[in-house]
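Next come the chains, spelled out residue by residue.
Number of protein chains: 2
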Amino acid sequence: MSRFDVEVRIKPRPGLLDPQGKAVHHALESLGYDGVSEAKVGRLIALTVEAGSEADARDRVEQMCRKLLANPVTEDFSLRVTEAPAVTDGDG
Amino acid sequence: MSRFDVEVRIKPRPGLLDPQGKAVHHALESLGYDGVSEAKVGRLIALTVEAGSEADARDRVEQMCRKLLANPVTEDFSLRVTEAPAVTDGDG
Numbered sequence: 002m003s004r005f006d007v008e009v010r011i012k013p014r015p016g017l018l019d020p021q022g023k024a025v026h027h028a029l030e031s032l033g034y035d036g037v038s039e040a041k042v043g044r045l046i047a048l049t050v051e052a053g054s055e056a057d058a059r060d061r062v063e064q065m066c067r068k069l070l071a072n073p074v075t076e077d078f079s080l081r082v083t084e085a086p087a088v089t090d091g092d093g
Numbered sequence: 002m003s004r005f006d007v008e009v010r011i012k013p014r015p016g017l018l019d020p021q022g023k024a025v026h027h028a029l030e031s032l033g034y035d036g037v038s039e040a041k042v043g044r045l046i047a048l049t050v051e052a053g054s055e056a057d058a059r060d061r062v063e064q065m066c067r068k069l070l071a072n073p074v075t076e077d078f079s080l081r082v083t084e085a086p087a088v089t090d091g092d093g
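From first to last, the protein sequence lines stand for chains A and B. First residue of the first sequence? That's 2 in the numbering used here, and the numbers climb one at a time after it. First residue of the second sequence? That's 2 in the numbering used here, and the numbers climb one at a time after it.
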């Protein structure tokens, strides 16, 4: 088993209301930042998981997304999987 | 002026409490997903901004992060800037 860092990027689906994004957009405008044509707010979840392979890690986290992390009705998610750097236990 | 897509990734600073991450971690465990050794929850903000250059877009969004989007005491942020795909207005 190896350790993998999985970054889950969850975004509101295009076309659906994104009240947080709207609030950020308005706040930026009222601070004088014009030239922002779109703002969307989503979530970023960083997991470290044990898995036999990169594909296995991806499968497991996709399942977690569907069951818990993302709302499939209103959100899209995508994953980035990288092998976690080895941990030195300091006892070798 | 060109349009740039800027992805702002905001994460809780290492070592600080991350109650959302803890909640996600516990929820995954109670659903039977063991082998998750860490879970952190942050925000993902996607902005589309007008700017003269990629460096200019980055500068402006870094300012927005410091003033509004991120909490510098508890959060770290990083940016990914890419040129936005050209919009076809359909009137050409």
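Some clues are possibly wrong.
Same chains, same label: a pair holds when it works inside one copy or across any pair of copies.
Claimed, not checked - DSS-like mimics (lysine-lysine), calculated; alpha carbons at most 30 angstroms apart, straight line:
{"hint": "1", "residue 1": "K68", "residue 2": "K23"}
{"hint": "2", "residue 1": "K23", "residue 2": "K41"}
{"hint": "3", "residue 1": "K41", "residue 2": "K68"}
Treat the hints as calculated values from the structure; they're not laboratory data.
Against the structure, the hints come out as follows:
1. K68 with K23: Classified as both; 28 angstroms inside a copy, 17 angstroms across copies.
2. K23 with K41: both (7 angstroms within a copy, 25 angstroms between copies)
3. K41 with K68: both (23 angstroms within a copy, 17 angstroms between copies)
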